[in-house]
Every structure is written in structure tokens, then in C-alpha cells.
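There are 2 protein chains.
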Amino acid sequence: MNKKKFAIGIDFGGTNIRGGLVDNTGKIKNYIKISTGSQKNYQEIKNKIIFILNKVISKNSSFKKNIAGVGIGFPGLIDVQRGIIIKSPNLPDLRNAPLALDIAKKIELPVVVENDANTIAWGEYCCGKYKNPESMICITIGTGIGGGIIINNNIWRGFSNTAGEIGHMIIKENGIKCGCGSRGCLEQYASASAMIRDAEKAIKRGVKTSLNLNKLTAFDIYKAAKKNDILAKKIFLSSVHYLSLGIASLINSFNPEIIVIAGGVAKAGSFYISPLKKEVYMYAYTSLINKTKIVKSTLGDCAGIIGSAFLILNADLNL
Amino acid sequence: MNKKKFAIGIDFGGTNIRGGLVDNTGKIKNYIKISTGSQKNYQEIKNKIIFILNKVISKNSSFKKNIAGVGIGFPGLIDVQRGIIIKSPNLPDLRNAPLALDIAKKIELPVVVENDANTIAWGEYCCGKYKNPESMICITIGTGIGGGIIINNNIWRGFSNTAGEIGHMIIKENGIKCGCGSRGCLEQYASASAMIRDAEKAIKRGVKTSLNLNKLTAFDIYKAAKKNDILAKKIFLSSVHYLSLGIASLINSFNPEIIVIAGGVAKAGSFYISPLKKEVYMYAYTSLINKTKIVKSTLGDCAGIIGSAFLILNADLNL
Chain F
15 MNKKKFAIGI
25 DFGGTNIRGG
35 LVDNTGKIKN
45 YIKISTGSQK
55 NYQEIKNKII
65 FILNKVISKN
75 SSFKKNIAGV
85 GIGFPGLIDV
95 QRGIIIKSPN
105 LPDLRNAPLA
115 LDIAKKIELP
125 VVVENDANTI
135 AWGEYCCGKY
145 KNPESMICIT
155 IGTGIGGGII
165 INNNIWRGFS
175 NTAGEIGHMI
185 IKENGIKCGC
195 GSRGCLEQYA
205 SASAMIRDAE
215 KAIKRGVKTS
225 LNLNKLTAFD
235 IYKAAKKNDI
245 LAKKIFLSSV
255 HYLSLGIASL
265 INSFNPEIIV
275 IAGGVAKAGS
285 FYISPLKKEV
295 YMYAYTSLIN
305 KTKIVKSTLG
315 DCAGIIGSAF
325 LILNADLNL
Chain U
15 MNKKKFAIGI
25 DFGGTNIRGG
35 LVDNTGKIKN
45 YIKISTGSQK
55 NYQEIKNKII
65 FILNKVISKN
75 SSFKKNIAGV
85 GIGFPGLIDV
95 QRGIIIKSPN
105 LPDLRNAPLA
115 LDIAKKIELP
125 VVVENDANTI
135 AWGEYCCGKY
145 KNPESMICIT
155 IGTGIGGGII
165 INNNIWRGFS
175 NTAGEIGHMI
185 IKENGIKCGC
195 GSRGCLEQYA
205 SASAMIRDAE
215 KAIKRGVKTS
225 LNLNKLTAFD
235 IYKAAKKNDI
245 LAKKIFLSSV
255 HYLSLGIASL
265 INSFNPEIIV
275 IAGGVAKAGS
285 FYISPLKKEV
295 YMYAYTSLIN
305 KTKIVKSTLG
315 DCAGIIGSAF
325 LILNADLNL
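Heads up: the protein sequence lines correspond to chains F and U, in order.
The working numbering applies: residue 15 is where the first sequence begins, and numbers increase by one.
The working numbering applies: residue 15 is where the second sequence begins, and numbers increase by one.
Next up, chain F with everything else stripped away, as it sits in the complex (with noise of 0.2 angstroms):
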């Protein structure tokens, strides 16, 4: 561990961008949120996490020097041990952009940036009610679907920094077009976008339902389910299948201690995981000796700053 007992956690989502100041038992203090915005170049996104340093720092001015440095969770593919974004799905002029050193700059701290879903991942494994098991796989279901995967205390990121994209394993044969250019990906199948898509189709096609074009979020889904409007729960269900595909194969081939789900849906909490636990254990192979844990996140929303902090006060971490 890191000798210094706080860092900075940054979590830079699609929506807002999250920090905090995280002590070494994983408490945030001075919680900030701000929105994303919808410009998004380079210029903007180091102002906008300058914004929130500067705001966490300036409330902790005398504890600076206790402050061993920042991490910043950030979407797309990462280069960690340069701390660079090599690119980002949702901003696409975004190319190897030299993050870590340019906020390190100006912030005279050091900064390390990773992979979000790794850093949820990191934070679950470090600070989460199921801590420190021998191997975790994390799941994040939103937009798309991420995973990050921790194996002997490390976070695994494969040899060229994508390990974790559980999204794009194929779980349907000839199924639907993916943006990442393959078909019947997992996250066409079972992220909130997909859901979604699915009860737009099925509004417009007028099957009836309490669903309601104008208000369509994955978390309107989930509360029609729960008031068995039987469209919302077909598609709810059908969620919940894919995805117990997918861990299938994951625990088959790689038989991690506990797999979390994190993201928008783990809010459905038991409605979501018992029907998800049911089907793994049907399909797993593995199922009957040492049964892989399957749990929600139980760090919600934190778990990204948590984790980015992680990756300095760790400092076992091998970045």
C-alpha cells in the first residue's frame, strides 16, 4: 500500500464526471458531480477534470501533501503505463491523447488513467463488500456492456490493453450488426441500450404496454417489469438470458471466484440477479463444486472513483 492514506478518484462517464478525495479504507469525502456536456474535445475534457481536481484539492488545501496522486477511470482503450487514451468509442477525434501527463502537469501530483470499467472493477475488488477474492470478474452494464477482470491482485488488461471486453463475446451466431464490426454481440443483446431499442421496436409495432416512447429509460423498463407489464418483463427476461450466456462461458473457461454487476442495472438488485443466477447455474459447467459467486456491485455509483483512487493507493498495483 501506498504510504500516503488519500488520492483522488476521477470517474469521466458519458453523462457526468465524478470525483472525490478517497481515503485508504476507501471513503470519499467532498463528493463532486458535474455534467459531461455534449462538446467534448480534448481542451475541454482536461478543464473539465482540472475543474474537479482543483475543487477537491482547494477543499483539502492543508491535506495536499497527504495526497499521493490521481486516478482517472476513463472509457476506451487505454495505454495505462503511458497513461495515454488511445481512443474512446464515444469520441472519436479523441487519439492518443497524453492525459496522465498533461494533468500531472498542471496538477504537480502523479495521475495514473485506466480502462472505467477496469476502475470499477479495481474498486470493487479493493473496497467492496466482497473484497480481495482470489479472482473477480466485474460486469458493467450500461450503454454497452465493460468488464474489467482481476486475477493474483492485479487487473488483467491482456496483451494489448482490451482484455475485458465481455460486450463483444459472441453470444448469438448471425445475430445483430455490432458497431464494433461483428455480429450477436453480448451487448446488443443485453445492455441497456439494447433493452431500450427493444421496447421502441415493440411500442412501435403497438403491442401494449405502460411503457411510454417519450420517457424510455433501461430503469423504466425495470420498474414496468416489476409491476408485470408483460412486455417490459419479456424484455427485462430476455436481458437477463443473453447475459447468462456470456457468464456461462466466462465462469466454463474461466472460473473466477466472483463475478459483480455493476452499472444501471444492478439497481434492479435481487429482480435482476436471482433470474441471472438461476440460468448461469443451469449452463455453467462448473456449477456443481465451488459455485462462482455472482453478486450486484455493491458500491453502485462510487465504485469508479473508489477504484481510480485505488490505482495510486495501491500501489501493489503493477501499472
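Just so you know, the hints here were simulated from the structure itself, not pulled from any lab data.
From a predicted model like this one, the values you see are computed outputs, not experimental measurements.
A couple of the hints might just be wrong.
Since the list gives no way to pick out one identical chain from another, each pair is judged satisfied if it fits inside one copy or across any two copies.
With a cut-off of at most 27 angstroms between alpha-carbon atoms, the simulated BS3-like pairs for lysine-lysine come out as follows [unchecked claim]: (1) Lys305 with Lys19; (2) Lys307 with Lys186; (3) Lys78 with Lys191; (4) Lys247 with Lys186; (5) Lys101 with Lys241.
With chain F's structure known, arrange chain U on it following the hints.
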């Protein structure tokens, strides 16, 4: 590395048991192969292994002081730490057999038992043409489909010693029933048995082909496909196709440096590997940057013997 320069490797297969004295460069001396036979109770299994060991050691009796130990690759679920065969798919009566201890008592050398697909992967990792990559997944295609995962210079066994069951990744929703209890498992579509099953069905349906029900191995199908037999080619390429779906999911989730294809089909060489690569690179999300290499086994039938011996010779391995 172990200070002693030799170990004995044994590869216990469904058809043959192979053994030999392996030096620390991976060379095999006094290779021995005997038939596994049909009577496979535990006593018989032990006797056959002891028979091979005595043959190898007596041929090298002056060497015994230089032999560091014995590694045994065995099909099934193995508790490597305790040297116990928990269960073996084709030997249902074999449960919790303390093979390592029983052999060690007789032979007075350290004995390690490991899952056979893992020993093949370990052999390729330690001594194959593409040795010591950052990470490797070795897929063994035969009657079933097995796998071995090497991460951080170690076999990744997972939480309950079942990692690498790649044959039970689900690649077809509601697909063919598998012996594991699930449906649509990869080995129902891409194993040698699957190819033979599909050929038999087609021949019985009267499909025109040069294939013959009385002599129908995966190798016969490969030979006929090479001679442009339409049915054989279709079956062969279908196996390639489904394997490519599984490999794409493995690359997208684990991003290994290299994937090695071992087992019988590897003998088809580029006739199998070339279309496989083409399909995988079409589906795999990460293919544009630092492509995962896909190669055929370079140790062939000897991978299991060498890998078993290297369980002992490579003392860095965390057993």
C-alpha cells in the same frame, strides 16, 4: 528452474499412455507408448503408470539421481495441490483418487498430477516454437475440446481448478444438448466427435460423399475435404466456423498474446488454421491492434509429455 536436469512426463490419454524422460531443454529420451486399454479401474491405471515409469527409469538407472520427479497429465478435474483426481469424464467410477501420493510411494520420486489440457498448454508455453509469451490459451481439439490458460508464467486453474473448459463455452443458444447438461457447447460443434457425428448423419441420409461409415475419423474427413469432397469440406469448415466464434469471444474477453491449436485437427495445419484465422480476425474486436497470434501446436503428440515433465522442471510454477 529445478536444479536437476531431467523429469519424467506421462500423458494419460483415452487411447494411449505415453511417457518419456524429458531434459530441461524439452528433449524426450526413451519415449514409450502403451495402449490405455478398455478396463480402466484405478488399480489398473496405477499399474500402467508404474509400468511406464519402471521402463523409463530402468533405461536410465544411472540417471535416477538426476531425475527431479514425475509429472502426469490426466483427463478430468484435478486437485493439483493435493495430487488427487477428483473426477474424470470417461472414467465415472474414478472419484477422489490420490494418484500423486500412490505413485510417489512406489517410485520414490516427487509426483505431480495435472489436467491433461493444462499439461499440453504448459508444454507449448515452456518448449514450443512460440514459447514464453505474455499469455497463452492452448485449445486441444479431439474427442472433446479442452483448454489450458497460461498467465503470469503460470497455469491459470481458476477458483475451483476448472478453468480452461473452453469446450463448454456456449456458442449456440438452445443448441445441441451436451454431456455437461447444458446446450450449444462449443465441443458439440467443433470437436472431432462432432465432425464424425455430422458426417455419419449425412451419410445415413444418403448425401453423396467419398466418406465411408466403416472408416470415419476426423482425419478421414480432413483428407476427403482436401480432395474437395463437398460434404467433408462443409463439415470441416463448419467446425472451423464455430471454433472461430469461441476464439473471438476469448480474445475479446481475455486478450491473450497467442492462441495455440493442439490435438488431432492441428495435423491439418494451414488447411485448418488459415480459414480459422480469417474468421476470428473478422469477429474479434481487438484484431486491429497487436493481433492475438493463432498458431498450430508445434510439439504435436509430445506436448503433454513435455508439459507434464515441466511441471517438475519449471520450479517457478506455483503448483
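TODO: Taking the numbered hints from earlier one at a time, note which ones the structure violates and give those numbers from smallest to largest.
DONE: Checked against the structure, the hints that fail are numbers 1, 3 and 5, while the rest are satisfied.
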